Every structure is written in structure tokens, then in C-alpha cells.
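Chemist: Residue numbers (numbering that gives the first Met the number 0), protein chains in the order written: chain A, 0 to 54; chain B, 0 to 307.
A hint or two may mislead.
Derived DEER-like restraints, expressed as beta-carbon distance ranges [stated by the list, open to error]: (1) L42(A) <-> W110(B): 24 to 34 Å; (2) L42(A) <-> A23(B): 28 to 38 Å; (3) N174(B) <-> N51(A): 20 to 30 Å; (4) P249(B) <-> R19(A): 52 to 62 Å; (5) A27(A) <-> R32(B): 20 to 30 Å; (6) G50(B) <-> L15(A): 43 to 53 Å; (7) R17(A) <-> T225(B): 48 to 58 Å; (8) V10(A) <-> L181(B): 51 to 61 Å; (9) P300(B) <-> I34(A): 24 to 34 Å; (10) A27(A) <-> N174(B): 28 to 38 Å; (11) S253(B) <-> A50(A): 42 to 52 Å.
Hint data in this document are derived by calculation from the structure and do not stem from the laboratory. These numbers were taken from a predicted model, which means no experiment stands behind them. Every residue, glycine too, gets a C-beta built ideally from N, C-alpha and C.
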Amino acid sequence: MSDETKQEETVWTEELLRERRKRATIMAIALLAFIALFFWVTLIKLGANVANRPL
Amino acid sequence: MSQNHKETLLKLQEPASVDVGSTADYIALMKPRVMSLVVFTALVGLVMAPGAMHPVMAVAAIALIAVGAGASAALNMWYDADIDALMSRTQDRPVPSGRVTPDAALTFGLWVSGLSVLSMAVMINYLSAALLAFTIFFYAVIYTMFLKRRTAQNIVIGGAAGALPPVIGWTAAANSVSIEPLIYFAIIFFWTPPHFWALALIKNDDYQAANVPMLPVTSGVKSTLTQIVLYAFLLFGVSILPYALGFSGPFYASGAALLGGLFIALCVGLALASDKNRNRLAGMTFAYSIFYLFLLFVLLPTDKVMGL
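Go ahead and model the full structure; you've got the sequences and the hints to work with.
Modeler: So, in C-alpha cells, the structure goes:
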């Protein structure tokens with residue numbers, strides 16, 4: 000049985016769909032937090048060099 | 000055969016085909032209780048390291064160590080789903096219970112492992128990234144795939160993976176390795192066998208059913224108890240090393256001696272216990288071992304602060 004057929008056979012109840020939406024939302028928040036952390040760490044590592052770069 | 004066991008085996012014959020795992024299932028996949036000890040010991044390694052680290056960088060380093068450890072746990076759960084389904088302690092984990100598909104667990108574990116190691120390399124330093132990659136590889140491949148099902152020394156050698164977080168915490172701050180983090184490594188390394196064998200004594204039937212060669216299964220209860228006592232003494236000696244080598248003070252030494260003495264007393268008590276009382280004492284030894292490691296790693300930075 001292919002994965003597509005199995006996927007079609009799964010009954011996506013309202014509860015499962017709600018859980019999937021919740022999971023996607025939390026994943027989005029985690030990704031945003033990760034991006035923010037990456038940005039912040041980059042600023043710290045660059046430090047004063049951001050202001051002192053040659054123009 | 001219990002009703003639960005039958006149901007789990009039925010589920011395994013028809014494994015989950017579509018990933019319906021909730022957020023809680025994915026968190027469970029990362030073994031959050033193990034992760035909390037990883038975070039704590041890594042934090043102590045980071046705090047004990049020389050030099051100052053920017054607080055945001057410190058948070059990033061600890062978060063990445065935690066996420067890397069969680070990813071290796073997910074890979075462990077993916078590979079071990081077949082034996083997890085046979086043991087009462089693990090049969091409700093996300094993969095054997097069918098809530099997360101094996102493919103989803105594997106994909107999650109691999110992506111998060113890669114992301115944590117690469118981020119560590121870019122944000123912190125290459126040495127910490129290399130150590131994190133080695134830890135994940137050691138736990139997911141060397142321990143889970145090779146040692147766990149082959150040898151009774153599985154958790155002795157595999158314990159190296161759990162012992163590395165304070166070393167990674169240290170290298171995140173210092174970008175080098177010295178004797179201190181290696182002693183922290185040794186403490187956790189020698190702590191792991193008596194900690195796990197106490198649990199293995201309680202769950203002996205489970206491990207036998209799943210054919211996992213834990214020491215009580217392969218060598219019997221008596222031999223396991225002897226090994227537990229031997230390791231408790233070894234651990235005591237290793238735990239005093241920070242004082243003996245001069246990088247911790249008498250406050251740490253007296254605390255470590257007291258905690259270690261209690262641990263030895265519990266292990267000897269367990270070894271001498273009657274068959275009737277053995278499981279109860281093994282449970283106490285297991286619980287105390289967690290408390291012991293936590294307090295020992297609280298003593299290290301406390302002693303450092305007091306000595307300043």
C-alpha cells in the first residue's frame with residue numbers, strides 16, 4: 000500500500016486537524032525565536048565592528 | 000501476556016502510517032527529563048569555565064546543547080521502537096504507541112541534529128560543534144545501534160555520551176579543553192552504571208522480554224549488585240578529584256564526601272538486601288543517584304563562588 004493511499008485513508012477528525020494547526024503554530028514560534036537568537040548572536044559577535052566598517 | 004502488551008503488539012503489526020503526533024509527542028521524543036539533566040550539567044560546565052561569556056551567547060550555547068541532546072534522543076526512539084514496544088516503561092513512547100511514525104521521528108532527529116550542530120559552529124565555536132556532533136553520533140549510533148543490543152557493557156561505554164554535556168558547556172565558554180571538564184566527564188561517566196543498573200534491577204523482566212543484554216539479564220542479580228558497589232566506590236574517588244587536584248575547595252570536598260558516602264551506604268544496603276526488599280531499595284538508589292548528581296553539580300559552582 001503506498002503512502003498516498005494510507006494518507007487518503009486517514010480520517011482527519013476535527014481534533015486531529017486542531018492538533019496539527021497547534022503543532023504548526025508552535026513550530027512557527029520556535030523558528031521565529033531561533034531566527035531572533037541567530038540575529039542577536041550575530042550582532043554580539045560583530046560588536047563595534049558594525050559601526051567601524053569601511054564605507 | 001497483559002492486555003497492554005497485546006494491544007502494543009497489534010499496533011506494531013500495523014504501524015502508524017500517517018504522522019498524527021501532537022506537540023507533546025514531539026517533546027516526549029526528545030526525552031525532556033534526560034534533557035533537563037543535560038542542560039543543568041552543561042550549564043555548570045559553562046559557569047565553571049574561565050573567562051566571561053555574553054549571557055545571550057550562553058543561553059544560545061545551552062539551548063543548542065539541549066536541542067542536540069533532544070535530537071539524539073529522537074533518533075534513539077526511532078531505532079529502538081521495536082524493543083520499546085515490549086517494555087512497560089517505554090511502550091507508551093510516541094513511536095511504539097503509533098502516534099508518531101518512524102519516518103517522522105527519523106526525519107525530525109536528523110534535521111534537528113544537523114541544525115543544532117551547524118548553529119553551534121556558527122554561533123559559538125567549532126570545538127563545541129564538533130563535540131556536540133560526536134555526542135549525538137555516539138548516543139544514536141555507537142550506543143543505540145551497536146552497544147545496547149550486543150553487550151552488557153552497553154551503558155558503561157554508552158555513558159560517555161551523557162557525560163559530555165559539561166565538557167561542551169566548558170568549551171562553549173573557553174574554546175579549549177582542560178583537566179577540569181574531563182573530571183566532570185569522569186564523574187558522570189562513573190555515575191551512569193550504578194544509576195542505570197539500579198533501574199535495570201527493577202525492570203529486569205522488561206529487559207529480558209525485550210532481549211536487551213543489561214547486566215542483570217546477562218550476569219544475574221548478584222554480579223550486578225557487586226558491580227554497583229564497585230562503581231559507587233570508584234565514583235566516590237572520582238568525585239573527590241576536583242579537591243585533590245586543587246580546583247575546588249573544602250566546601251565542595253566535604254559535600255561530595257557526604258553525598259558519596261550516602262550513595263555507597265545505599266548501594267551496600269541494596270547489595271545486602273533480601274529478595275523481598277531489593278526492588279524497593281533499588282528504587283531508592285535510583286532516585287538518590289539523580290539527587291546525588293544534581294547536588295554534586297550544585298556544589299561545584301557554589302564552592303567556586305565561595306572561594307572568590
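Chemist: Does 24 to 34 Å hold as the CB distance between P300(B) and I34(A), or does it fail?
Modeler: Taking Cβ atoms as reference, P300(B) and I34(A) lie about 32 Å apart, which means the hint holds.
Chemist: Can you let me know if the beta-carbon spacing of G50(B) and L15(A) is within 43 to 53 Å?
Modeler: Given a distance of about 50 Å, which is inside 43 to 53 Å, the answer is holds.
Chemist: Can the suggested window of 52 to 62 Å be confirmed for the beta-carbon pair P249(B) and R19(A)?
Modeler: 57 Å, holds
Chemist: When you take the CB atoms of R17(A) and T225(B), is the distance between them in 48 to 58 Å?
Modeler: This hint holds: roughly 54 Å between Cβ atoms.
Chemist: Confirm or reject the claim that A27(A) and N174(B) have a C-beta distance inside 28 to 38 Å.
Modeler: 34 Å, holds
Chemist: Measuring from beta carbon to beta carbon, are V10(A) and L181(B) in 51 to 61 Å?
Modeler: 55 Å, holds
Chemist: The hint says 24 to 34 Å between L42(A) and W110(B); measuring C-beta to C-beta, is that right?
Modeler: 26 Å, holds
Chemist: Is it true that A27(A) and R32(B) lie within 20 to 30 Å of each other by Cβ?
Modeler: Holds - the Cβ-Cβ distance for A27(A) and R32(B), about 26 Å, lies within 20 to 30 Å.
Chemist: Given the hint of 20 to 30 Å, is the C-beta distance from N174(B) to N51(A) inside that range or not?
Modeler: 24 Å, holds
Chemist: Using the C-beta atoms of L42(A) and A23(B), is the stated range 28 to 38 Å upheld?
Modeler: Holds: the Cβ-Cβ distance is about 34 Å, inside 28 to 38 Å.
Chemist: So the hint says 42 to 52 Å: do the beta-carbon atoms of S253(B) and A50(A) match that?
Modeler: 51 Å, holds
In terms of the numbered hints stated before, the structure departs from none.
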